[in-house]
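Enquirer: The primary structure of each chain is shown beneath.
Protein chains: 2
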Amino acid sequence: MLGRGNVLDAEIALQLLIKNLPSKTPPEKDVRIEDSPGMVCSQDISSPEDLPSFARSTVDGYTVKAEDTFGASEAMPAYMNLSREILMGERAGFRLSNGYAAGIPTGGMLPEGADAVVMFEYVQTIDEKMIEVLRPVAPGENVIQAGEDAGKGEILIKRGQRLRPQDIGACAGVGITVIQVYERPSVSIISTGDEIVPAESKPGAGQVRDINSYLLSAMISESGCIPVRKGIFRDDYKTLSAVIKESLSDSDAIVISGGTSVGVKDMIGRIIDEAGDPGVIFHGISLKPGKPMIGGVVEGIPVFGLPGHPAAVSICHEIFIRPVLKILSGVKEKIYLSGRRTVKARLSKNISSSQGREEHVRVMLEKRDDGLWAVPVLGKSGLITTLVRADGTIVIALNRNGMEKGEPVDVRLF
Amino acid sequence: MLGRGNVLDAEIALQLLIKNLPSKTPPEKDVRIEDSPGMVCSQDISSPEDLPSFARSTVDGYTVKAEDTFGASEAMPAYMNLSREILMGERAGFRLSNGYAAGIPTGGMLPEGADAVVMFEYVQTIDEKMIEVLRPVAPGENVIQAGEDAGKGEILIKRGQRLRPQDIGACAGVGITVIQVYERPSVSIISTGDEIVPAESKPGAGQVRDINSYLLSAMISESGCIPVRKGIFRDDYKTLSAVIKESLSDSDAIVISGGTSVGVKDMIGRIIDEAGDPGVIFHGISLKPGKPMIGGVVEGIPVFGLPGHPAAVSICHEIFIRPVLKILSGVKEKIYLSGRRTVKARLSKNISSSQGREEHVRVMLEKRDDGLWAVPVLGKSGLITTLVRADGTIVIALNRNGMEKGEPVDVRLF
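One line per chain: the protein sequences are A and B, in this order. Per the working numbering, residue 110 is the first one in the first sequence, and the count goes up by one each step. Per the working numbering, residue 110 is the first one in the second sequence, and the count goes up by one each step.
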């Protein structure tokens with residue numbers, strides 16, 4: 110176990126944790142494509158056929174043999190005989206011969222022999238039997254070739270891709286209406302603290318309601334996983350040990366929030382160590398808020414022990430839990446496609462920070478005449494309303510003593 | 110009606126459309142907070158009580174009257190008598206007198222008379238009855254005051270806010286477990302085209318499967334609305350008119366995709382005009398892809414006529430449908446919080462564009478040694494796989510002829 114006295118950098122801690130995760134993928138299931146947005150594809154999907162299966166026009170016009178139009182101009186148009194018009198959704202029942210053209214709608218199927226389409230704009234009608242083509246077209250012009258969208262056997266969607274609207278559209282296009290996806294990992298949320306009562310209760314003297322299990326539950330859903338709120342448990346070795354063991358048997362990850370008072374954190378660390386190998390990986394991070402966090406792995410299942418302060422819970426989720434849940438979900442994504450939305454702003458006031466810890470500061474965005482400003486939200490990290498008032502966070506790097514008024518910042522939006 | 114001959118700028122067209130929408134909000138319903146993430150709050154939510162309801166310690170230590178510690182130092186510590194320790198989740202059963210201190214855990218309730226907490230680190234134990242305080246504390250130090258997180262009557266969440274995890278946590282904290290939200294608007298999706306067959310079918314000669322209703326359905330869900338795929342309809346006045354009228358009576362917005370062949374677009378425009386006032390607002394946009402788009406409003410219900418090309422459908426959704434659905438959803442959001450995630454990259458090659466139209470180019474991101482590059486995805490806008498291969502889009506502004514290799518671009522990620 111690392112950390113505690115000499116706390117770890119967040120990035121190193123995360124990598125250590127990830128190294129201790131088994132390389133397995135979640136179970137698979139079949140879903141209809143209309144139910145699959147946001148799910149993670151568990152198999153490469155390849156096209157069972159050519160898309161489209163025939164050459165189509167991309168414009169309204171006349172389909173021709175391109176060679177018949179070579180050299181055509183307004184001064185010297187190419188005269189063409191008309192074959193019968195091609196209707197939408199139908200096979201042209203003839204072969205186009207040299208010197209002939211046939212009216213075709215956008216999306217219409219080219220007849221045999223045709224290899225290009227002249228747009229209506231570049232044609233003059235002489236009578237019902239003949240047109241003048243005023244411009245040449247190249248072979249293939251204004252045509253989508255058979256298989257041009259997707260060739261038979263071509264991989265459309267890779268395993269590990271989170272399904273976007275266009276991925277689902279592509280499946281529909283090639284007739285795949287049921288696909289295999291990974292099951293969403295389930296995450297047990299355990300609230301601890303002798304002072305915590307359910308949100309429905311009226312707290313007695315010295316008691317407060319459970320905030321963190323709701324906060325975590327919503328964040329875990331956003332990460333594409335299934336949150337399971339196990340309930341509120343007393344800071345007691347046997348009680349916590351039992352619920353953690355139960356959760357190890359019925360979920361894919363465990364998040365314990367609270368238990369920040371003296372001794373309780375150590376107790377949670379002990380329970381994680383005794384539950385199985387490797388146990389606690391780190392305890393303590395050079396991160397503010399979030400310093401007393403525990404990260405562990407028990408028989409392949411990640412276990413997070415979070416401080417009780419809501420702002421710390423939020424940051425620890427963003428930095429540790431979200432990336433780990435992504436791995437558990439089977440997502441393989443280019444790194445620059447992950448992460449949250451950010452906006453550029455300037456810092457509205459000086460803020461100080463201690464060197465040697467990465468500090469995440471909650472900020473509100475304020476639009477002024479001279480642009481967007483990030484206004485730090487004052488208040489202790491134990492206050493949920495500091496998160497509610499904030500639009501996002503900025504990071505003061507490990508090696509800095511603070512930041513100055515007017516400095517450009519990237520605000521990571523919630 | 111504007112557009113057609115002299116097509117409109119996209120931004121102007123959108124504003125015209127929005128101006129024609131009625132200013133009404135969706136019906137409301139009650140939901141449990143755990144089911145509310147992403148929904149839109151329909152009422153200001155204010156705190157029914159002080160949060161927390163008592164002064165709490167933010168550290169492990171000893172609670173004192175701050176004045177008793179003034180001037181304390183390692184050389185000259187303040188000697189304090191110990192009262193009995195305060196336990197978590199309980200009311201201290203005594204009033205703290207001058208000269209006394211009481212052990213208190215993080216989150217513990219301060220006894221009457223106490224106004225600050227000294228951290229364990231700054232205390233030395235003499236015996237079980239007395240401690241030395243080595244540093245002074247100010248009144249309120251290491252304490253969250255009653256009502257400091259939220260005061261009774263304070264507005265926590267404003268009407269029109271899309272509910273984030275922390276908003277739900279704040280509700281839990283003040284005992285609000287059921288809240289009022291807006292119903293999600295329902296959006297009818299009508300696919301037209303004589304060549305279109307359902308995704309489950311084997312297309313005959315000249316036929317293609319329905320891609321757009323799946324693409325639209327997933328995008329509309331992402332926008333927080335309920336997509337209703339009405340089916341595939343022939344390009345026929347009576348048929349389309351009937352389904353559009355039915356949809357006007359049972360949904361909050363209508364999207365018609367396809368029908369790009371000669372005459373059909375005009376027919377759809379005519380149906381929209383005849384269905385009610387004001388009818389078609391614009392037909393034709395200086396946008397590529399997406400130029401032949403129709404925007405209309407019929408008796409308060411927005412109706413979109415989209416070209417059939419998937420890439421055009423995607424862009425038209427992003428630029429027109431998404432902002433309109435946001436309004437229909439009742440979302441009131443600062444403008445800089447909306448929009449998609451973008452990343453900075455450099456353009457990998459020259460691309461040309463015609464001045465006078467805003468062009469959206471699909472790009473793939475490529476990480477090279479010298480940073481991130483945006484590589485244009487070649488292929489016609491009728492190809493769904495161009496969207497599948499792309500990671501996002503870049504915009505070539507209306508007044509530009511193209512962009513040069515190496516230019517910095519903002520890639521709007523899908």
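None of these hints come from the bench; they were simulated from the model. Please read these numbers as outputs of a predicted model, since none were measured by experiment. Warning: the hint list may mix true and false statements.
[What the hints assert, rightly or not] In the DSBU-like style, the derived pairs of lysine-lysine whose C-alpha atoms are separated by at most 30 Å in a straight line are:
| no. | chain 1 | residue 1 | chain 2 | residue 2 |
| --- | --- | --- | --- | --- |
| 1 | A | Lys-174 | B | Lys-441 |
| 2 | B | Lys-311 | A | Lys-435 |
| 3 | B | Lys-489 | A | Lys-489 |
| 4 | B | Lys-476 | A | Lys-267 |
| 5 | A | Lys-267 | B | Lys-311 |
| 6 | B | Lys-514 | A | Lys-514 |
| 7 | A | Lys-267 | B | Lys-441 |
| 8 | A | Lys-453 | B | Lys-453 |
| 9 | A | Lys-443 | A | Lys-397 |
| 10 | A | Lys-267 | B | Lys-458 |
| 11 | A | Lys-443 | B | Lys-267 |
| 12 | A | Lys-311 | B | Lys-138 |
| 13 | B | Lys-453 | A | Lys-458 |
| 14 | B | Lys-261 | A | Lys-443 |
| 15 | B | Lys-339 | A | Lys-138 |
| 16 | B | Lys-138 | A | Lys-453 |
| 17 | A | Lys-476 | B | Lys-267 |
| 18 | B | Lys-514 | A | Lys-453 |
[Stated by the list, open to error] Output of the computed footprint for chain B on chain A, the stretches with three or more beta carbons under 8 Å from beta carbons of chain B:
| no. | segment |
| --- | --- |
| 19 | 379-391 |
| 20 | 468-481 |
Ideal placement from N, C-alpha and C gives every residue a C-beta, glycine not left out.
Enquirer: Determine for every hint whether it applies to the structure shown.
Expert: Evaluation of the provided hints:
Distance hint between A/Lys-174 and B/Lys-441 is unfulfilled; the C-alpha atoms sit about 56 Å from each other, more than 30 Å. About 37 Å separates the Cα atoms of B/Lys-311 and A/Lys-435, which puts this hinted pair outside 30 Å; it is violated. For the proposed pair B/Lys-489 and A/Lys-489, the alpha carbon gap of about 54 Å is over 30 Å, so the pair is violated. About 19 Å separates the Cα atoms of B/Lys-476 and A/Lys-267, which keeps this hinted pair within 30 Å; it holds.
Taking the CA atoms of A/Lys-267 and B/Lys-311, the gap is near 24 Å; set against the 30 Å cutoff, the hint holds. Of the supplied pair hints, the one linking B/Lys-514 and A/Lys-514 is violated, its CA atoms being roughly 36 Å apart against a limit of 30 Å. Taking the CA atoms of A/Lys-267 and B/Lys-441, the gap is about 37 Å. The hint is violated against a cut of 30 Å. With a C-alpha separation of about 12 Å, the suggested pairing of A/Lys-453 with B/Lys-453 holds against the 30 Å cut-off.
A distance of roughly 28 Å separates the Cα atoms of A/Lys-443 and A/Lys-397; the hinted pair therefore holds under the 30 Å criterion. For the hint pairing A/Lys-267 with B/Lys-458, the CA-to-CA distance comes to about 26 Å; that is within 30 Å, so the pair holds. With a C-alpha separation of about 36 Å, the suggested pair A/Lys-443 and B/Lys-267 falls outside the 30 Å cut-off, and the hint is violated. At most 30 Å may separate the alpha-carbon atoms for a hinted pair to count; A/Lys-311 and B/Lys-138 meet this at roughly 25 Å.
Our distance criterion of 30 Å between C-alpha atoms is met by B/Lys-453 and A/Lys-458, whose separation comes to about 27 Å. At roughly 47 Å between alpha-carbon atoms, B/Lys-261 and A/Lys-443 are farther apart than 30 Å, so this suggested pair is violated. Proposed proximity of B/Lys-339 and A/Lys-138 is supported: the alpha carbons are some 27 Å apart, at most 30 Å. For the given pair, B/Lys-138 sits about 36 Å from A/Lys-453 by alpha-carbon distance, which is inconsistent with the 30 Å threshold.
Taking the CA atoms of A/Lys-476 and B/Lys-267, the gap is near 19 Å; set against the 30 Å cutoff, the hint holds. Only pairs whose Cα atoms come within 30 Å are accepted, and B/Lys-514 paired with A/Lys-453 is accepted, the gap being roughly 25 Å. With 0 residues carrying a beta carbon less than 8 Å from a beta carbon of chain B, the segment 379-391 of chain A misses the three-residue requirement, and the given coverage is violated. Only residues whose C-beta sits within less than 8 Å of a C-beta in chain B count toward coverage, and the segment 468-481 of chain A has 3 of them, enough to reach three; the restraint holds.
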